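A.B. asks: Since the structure of chain A is provided, determine the placement of chains B, C and D on it from the hints.
4 protein chains.
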Amino acid sequence: MQKYVDIDSKLDKFNDECGVFGIFRNDEDLDSVEITYDALYGLQHRGQESAGITVNCGGSFSTVKETGIVSEVFNEKNLSTLGNGRIAVGHVRYTSSKSLDRASNQPLVIRYREGSIAIASNGSITNFCELRKELESGGSIFQSNSDAELMAYIIAFERCFTDSLENAVIKAMNRLKGAYSTVICGPSRLIGFRDRHGFRPLCIGKIKNSYVISSESCVIDSLGGEFIRDILPGEMVVIDDEGLHSYTDNIGSGKTSFCLFEYVYIARPDSVINGVSVHSARIKAGELLFKEYPIDADMVCGVPDSGFVMAEGYAKASGIPFGMGFVKNKYIGRTIAKGKDKMHRLLQTRLTALKSNVEGKRVVVIDDSIVRGETSKHIVRLLREAGAVEVHMLISSPPFIYPCYFGVDISDKSSLIANRMTTEEICREIGADSLGYLSIDSVHKIAENANVGLCDGCYSGLYGAKIPDKIFFDKYARKIKNKT
Amino acid sequence: MQKYVDIDSKLDKFNDECGVFGIFRNDEDLDSVEITYDALYGLQHRGQESAGITVNCGGSFSTVKETGIVSEVFNEKNLSTLGNGRIAVGHVRYTSSKSLDRASNQPLVIRYREGSIAIASNGSITNFCELRKELESGGSIFQSNSDAELMAYIIAFERCFTDSLENAVIKAMNRLKGAYSTVICGPSRLIGFRDRHGFRPLCIGKIKNSYVISSESCVIDSLGGEFIRDILPGEMVVIDDEGLHSYTDNIGSGKTSFCLFEYVYIARPDSVINGVSVHSARIKAGELLFKEYPIDADMVCGVPDSGFVMAEGYAKASGIPFGMGFVKNKYIGRTIAKGKDKMHRLLQTRLTALKSNVEGKRVVVIDDSIVRGETSKHIVRLLREAGAVEVHMLISSPPFIYPCYFGVDISDKSSLIANRMTTEEICREIGADSLGYLSIDSVHKIAENANVGLCDGCYSGLYGAKIPDKIFFDKYARKIKNKT
Amino acid sequence: MQKYVDIDSKLDKFNDECGVFGIFRNDEDLDSVEITYDALYGLQHRGQESAGITVNCGGSFSTVKETGIVSEVFNEKNLSTLGNGRIAVGHVRYTSSKSLDRASNQPLVIRYREGSIAIASNGSITNFCELRKELESGGSIFQSNSDAELMAYIIAFERCFTDSLENAVIKAMNRLKGAYSTVICGPSRLIGFRDRHGFRPLCIGKIKNSYVISSESCVIDSLGGEFIRDILPGEMVVIDDEGLHSYTDNIGSGKTSFCLFEYVYIARPDSVINGVSVHSARIKAGELLFKEYPIDADMVCGVPDSGFVMAEGYAKASGIPFGMGFVKNKYIGRTIAKGKDKMHRLLQTRLTALKSNVEGKRVVVIDDSIVRGETSKHIVRLLREAGAVEVHMLISSPPFIYPCYFGVDISDKSSLIANRMTTEEICREIGADSLGYLSIDSVHKIAENANVGLCDGCYSGLYGAKIPDKIFFDKYARKIKNKT
Amino acid sequence: MQKYVDIDSKLDKFNDECGVFGIFRNDEDLDSVEITYDALYGLQHRGQESAGITVNCGGSFSTVKETGIVSEVFNEKNLSTLGNGRIAVGHVRYTSSKSLDRASNQPLVIRYREGSIAIASNGSITNFCELRKELESGGSIFQSNSDAELMAYIIAFERCFTDSLENAVIKAMNRLKGAYSTVICGPSRLIGFRDRHGFRPLCIGKIKNSYVISSESCVIDSLGGEFIRDILPGEMVVIDDEGLHSYTDNIGSGKTSFCLFEYVYIARPDSVINGVSVHSARIKAGELLFKEYPIDADMVCGVPDSGFVMAEGYAKASGIPFGMGFVKNKYIGRTIAKGKDKMHRLLQTRLTALKSNVEGKRVVVIDDSIVRGETSKHIVRLLREAGAVEVHMLISSPPFIYPCYFGVDISDKSSLIANRMTTEEICREIGADSLGYLSIDSVHKIAENANVGLCDGCYSGLYGAKIPDKIFFDKYARKIKNKT
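Residue numbers (my numbering), protein chains in the order written: chain A, 51 to 534; chain B, 51 to 534; chain C, 51 to 534; chain D, 51 to 534.
Calculated from the structure, these hints are not laboratory results.
Please note: incorrect hints may appear among the correct ones.
The calculated SDA-like cross-link candidates involving lysine to any residue, where the alpha carbons are at most 20 angstroms apart (straight line), are [said to hold, decoys possible]:
| no. | chain 1 | residue 1 | chain 2 | residue 2 |
| --- | --- | --- | --- | --- |
| 1 | B | Lys221 | B | Tyr297 |
| 2 | B | Lys380 | C | Lys378 |
| 3 | C | Lys380 | B | His95 |
| 4 | C | Lys378 | B | Leu401 |
| 5 | A | Lys221 | B | Gly189 |
| 6 | D | Lys127 | B | Asn128 |
| 7 | B | Lys380 | C | Arg400 |
| 8 | C | Lys378 | B | Ser356 |
| 9 | C | Lys388 | B | Asn134 |
| 10 | C | Lys366 | B | Glu409 |
| 11 | A | Lys380 | D | Ser356 |
| 12 | D | Lys388 | A | Asn125 |
| 13 | A | Lys392 | D | Glu84 |
| 14 | C | Lys183 | D | Glu164 |
| 15 | A | Lys380 | D | Leu396 |
| 16 | D | Lys516 | D | Gly284 |
| 17 | A | Lys366 | D | Lys366 |
| 18 | A | Lys380 | D | Asp355 |
| 19 | C | Lys495 | B | Ser406 |
| 20 | A | Lys366 | D | Ala367 |
| 21 | D | Lys366 | A | Pro371 |
| 22 | A | Lys127 | D | Thr385 |
| 23 | D | Lys378 | A | Tyr315 |
| 24 | C | Lys183 | D | Pro237 |
| 25 | C | Lys127 | A | Asn125 |
| 26 | A | Lys388 | D | Gly274 |
| 27 | A | Lys388 | D | Asp81 |
| 28 | A | Lys392 | D | Asp81 |
| 29 | A | Lys427 | A | Arg400 |
| 30 | A | Lys366 | D | Asp348 |
| 31 | B | Lys388 | C | Asn134 |
| 32 | C | Lys388 | B | Gly135 |
| 33 | C | Lys127 | B | Gly383 |
| 34 | B | Lys378 | C | Ile119 |
| 35 | C | Lys378 | B | His95 |
| 36 | A | Lys392 | D | Asn128 |
| 37 | C | Lys388 | B | Asp77 |
| 38 | A | Lys392 | D | Asn134 |
Just so we're clear, the structure is a prediction, and the values are computed from it rather than from any experiment.
Okay, chain A solo, but in the shape it has when bound (with noise of 0.2 angstroms):
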């Protein structure tokens, strides 16, 4: 659907949290495509959304591109069109709508004087409106409301004025602000290139002669590869038949600003990311919430899947035992309860606790984030329920306050619960013995010898890049509203 006139509201843009994925191929025994495959499943859980393929087969351009998670989007039949390409890209999305946008899949592939190229991004361009205003003005025609299509389109329009594609993007990348780390299929070349702040990961590896570009570095690893090194913020790498070409031309002398979410909760735990292993991170926040909240108790737990690590950091630096506190039913459900019940029914049946580890104990039980709240007291009612004496909840990352313009998609403002009660009031509410986040202080440390600088915009306020201007938002989308 096109849904233009929305742009107001940024959150349309549809482009928060995804996966990219790029090959060049060197080897003749490899199948570009099967690696972007298995790539993408290792990226899954940066976007459930969309999934995607574009082969260069000499040239050529194939996409396979569809609304669904990766093993429902791609089939041998499928695939089978795109050819064992030298160069590919691939792209998982989320969006928090329930858009059927498909012209928002990526990759996306256009063609123009100079050629064709597919451009597969994660992040957010936050002068959005300015440049596609300019782009507008200046003739040009767009078909969807993504970031993709507009960087595309940005460097499209350099490469028509200088002499060579990186030096396009280098260009680009000078006018795109925001946050993005994006892979690009051009005719001959991978290009992988990351916003000068660094918001997004993006980092490079090696399966036998051929070069990937992946988000995370988790699937290089699970790929049988060998992970080179982060691009570096504001950093341009090019791979060609002649090897890896580094292009540092936008690394300013300004500060770096690494999301700290992805540390917290959207990384997979596998990875290492700017010198620091998302896992160590997480066993970190479990070490920090035990020095900030230093509680007297019989049993760490941690919500599943996520709180493990941090159960497992809180008890080696506590001494308590770690103890799995729920079974977490594996299986795709769904409920038929029909009205209110419906939430509460679903999350009976998705998660119990085990009575038999509980009953009687003070239990400590860690999560990422609270966000509406229901979650949580449904949580501390099992426990309670099976037996626990006391139940203290502890969050590994500061209260979730601020709307994210960086490429985290945050549910409507209103519904997060820390912008309606103190914490005393939602440990009251989520009917806890005692509720601790992590201070902002130390969610810093968590990743402290992380090489680049991090963004805590969302618990602070204070953002690690200019972020979007709202009056300029409004005063465009009004005119586009009364043309007609």
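C.D. replies: Just chains B, C and D, lined up with the frame of chain A:
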């Protein structure tokens, strides 16, 4: 899939034989989506590859489009997302290529400096390559290879240099060569226009106080509406709040050339086009066949379902009784036979001759065309096995020899039997006692009362308009392939 | 779903109007599954609710059966699990009830003391309740309410007390009352038999050296086989390694009563049943309609598709030209209209009148039957709106008044318009200038050369065999309900 | 598909590892279908092959059952056809064979002289062939090869010679040998019973005033109900309008033999069976592993997801820190790799080791069993590649050597690695530094407080009950094959 490098093969533009529809709703109690849905169902014979509807609801454009037939693509759930806008356009698409190219499904919505437009078109642009090259040189960026995208871009481009969408369309019509019967949904108007040769049909009707534009008049009837008139070759019709406006700037003095194959095969018999009933034209084809081939026979029958009407005409003219010669299995069938038997088995199970009607008779059997000859051969054999003592096959059109550049998809030229054999040879090949094609003179007479000229290019090689420059095509395609 | 308590409503036996087929393969180069598949496709008109094939491969029985039409149920993958056995039977099923009762899909395979049999049947057992009660009293256990299950149980029961499957079937035929044309796949033989009244068709054919048994002869033709003869009412035919054997123990001296509605509507026109071509019977119906209603008109047309043949006959007899009066949309359609418009809208978009053929003419239009009258009303209106000056509707059968107990599913009696109105009233209701039904005398003449007696029970109320005892039904059903 | 001739292979009875549930509703405000649906979702781990629900609504039995998991099989539409009856039973089924045998899906509803019953069972009847032969000799007719069908027939048979369903079930229990935990929905009562050895679990609970019977207690908890007690081995429980009645006629003096593998692997950790918490049993398994294998290591981890709990136990007993060793991709995955790489690739993309947690450490890793050894080999390799300096694999059960005849499906005996190699050889094969299985003595201790005896037949070859007579099997099967 993006298959741009195949552009040297004209058939890859995916644009042939389509149906278009548009409505500008002035009645509160009409539902523009429901009407467009029913209209597309009525135009289904013009394209079964994909279907789509775009609705302009207060300036916001929403689209549902997908690969499949009307009853597969639309359902109450996805249609309910469209809203009962005042303007809606719809499209059914046919392509020979078994392409999964979703990017070419229509309507196509674009957004540019002056707002949004949705386009749905039937036909084929003959200067596609020149125009596209020109636009690309100017910096335009394309996302598919469809005529509709090119047309939308040309219109948008012109709109930036003129004061109204109407003027932009008029200018675009001057640049676009070839065949196009097109509807456009603008921010506040519905526009329909037809190329100056008038290759494809397009007409206007009224349902209550609301205007509709349709590829064929039959759907206006079945919607309970009133047929007003054809849009003239070169005419643009604009419908807005103030009613219907006609612009005739592009009506040249040159001769018009409506596609004869629309009368012979494509259009539905209950449509009236250019003042001539399609059904009457086919009755006349039967009568003219008798005039050219006054065979002494006991029964005249048609090949289901299209041959019935011509047989009715031959029967009337000759006095020979009309009879059903065949039974056609009306259920969707496949065959599980393998190898070379496959086609034979499928024909055999789909069609059987009516022994009791055919036995001992001299039979005239009428079909609309012969493509590869396989079906005709089967039909003659069926009649002989059923006891026909003579089988005379008549074809209600001249031999199909030349490719069509104006919107009819003809399979590979070399597979056309009339390109390899004389009529006598074909007669022997299919095993008939005699074989007669309608002469080119006669095929013109089936629509002799039409208020337009007629194109017989696929029979005569003398096209109603300039055909694309092959040499240019090849050069352009080579350039694309070499560029990296 | 198991719905046994609804047994008081006869229509819940789910057995009406089916198609059956069997093959005993003697040729190495034939594929019994492929032939059965093609045969079921050719018999699809007799049932679209479910389809199934059972193959006996060296004594091992394998079945694929599912709800859906032939092309939906079978695919290369599931058919490949069947193996090219020497004996195969197939079934297509029709039911009015929108039942999900998979347990009633056929063929049904049972396993008992003496081995396995698969059964596929067309018809309706009138002493179903008596026999089932008797078997249950003896300890039998049922898993559905189908006639086929009951028949299989009776045969298995008899088999335990006699020395061969043949003798068991002969004994079972003596116990089973009503209508049944049935094929059985035994451990080493294919058996076909028909109730002594011969209500439903069943015939034998030969493909090369292999024998087939089929509901209708048309599929034997389209399979390239040779029609041998009908199985006689009361006859059982057994095919085994030694060839074809006929058993005529159950051929009584009583009168036979083949269903006239098979000639009027059910059977395919290219079948020959009881020595009479179905197509000829319908031609004759048209001729007899002219004899009874010699209307002075300008054109005679048929309601698509079944009315064409009768119109052909009327045209021949009267000298009035045959013409196509309508165009029927051949694509699968649904309507998204809501409420009372729904049916009207569906009719309107599926069928349109051919104005150019109808305008200004006095039209005779022929259909096979009137059920609720809605369609006829629509047809008359379409013709009038298209400019017909007179509309005379003729029906090629007498008014449908009485329920059928022998295998034809007739919707709720009270919804039959002929039960509520006289012919004059119906004529007024549908808006025709005149309305004529074929008389009961005449409908007998359409198949007067048949070598069997004919049943006109649904027209006359005088059935060809004893109908079920309603009082018994009610008592039995009540007993079932009270029992706990 | 009917595959009766394969009966000599026990695994073709399609009956292994299932979940059953039943409800007798006494509360107006409960929805018996909704509760059964949620219960089956909670029992999904016991079977993913098919799911079904039968509801007795005023004496009328309706069933929805189909191949697939709970969320695929049921939807609001088909569940709405069932009605909120007072009695409902449900079933989830597991089979190793990729069979399409719909006839074996449960619940199975049969109808006989005394009314209808629906049956849902978990287990395996060891005298299946003898009983079936006996019934067939007496004239019984079967439509599948399922235990459930046989059990229903035996009960129905007994019911004809006794005065109540209760007595019939008691008599049937005397005839049925082997393992069965079964629920039956009768005309007016819900019955649950368990074979006298008590191989499989079955328990009673209460939701408000309504009674439920379930394979496992965990679903009673998650439904907000109250666990009452296990049904005893040999006990039959009947629930009707007057409440709950217990019949203990079949409780013999012989020893009971509950399946140890239920504690080790099958049951959900949040269930309590025979008075022993499954979770506690697994914690104890971890503790006992430490007692048998007191390894000096730096970290103990579990193979996801089942190994976590045993690792927790080992960590507690040893003081070695518990750690997450792996990340498991939680999305449904397939692989498009071909040939021998397929399995390897799938494992690789599904599971990765957590380098940051494992590097440089001596690791103990715990799993529940080793089947073919492929997965264990992969796990050891993953840990080594992640930098583990020592890898010690512990298995929380003894080697799996003997087939199970009582309801657990074990793949082909020859593929079990423990049948081909000693523990030392397996250790070398999988590349571990050491490998330890829990001893048979210890595995008994994990449930030493259970109020029943325990079966370790698959480990020791000493079964808890008589196993089927293979010679009889073979003779019977041969007879079936020869009979025609």
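A.B. asks: Which of the listed hints are broken here?
C.D. replies: Per hint list: zero violations.
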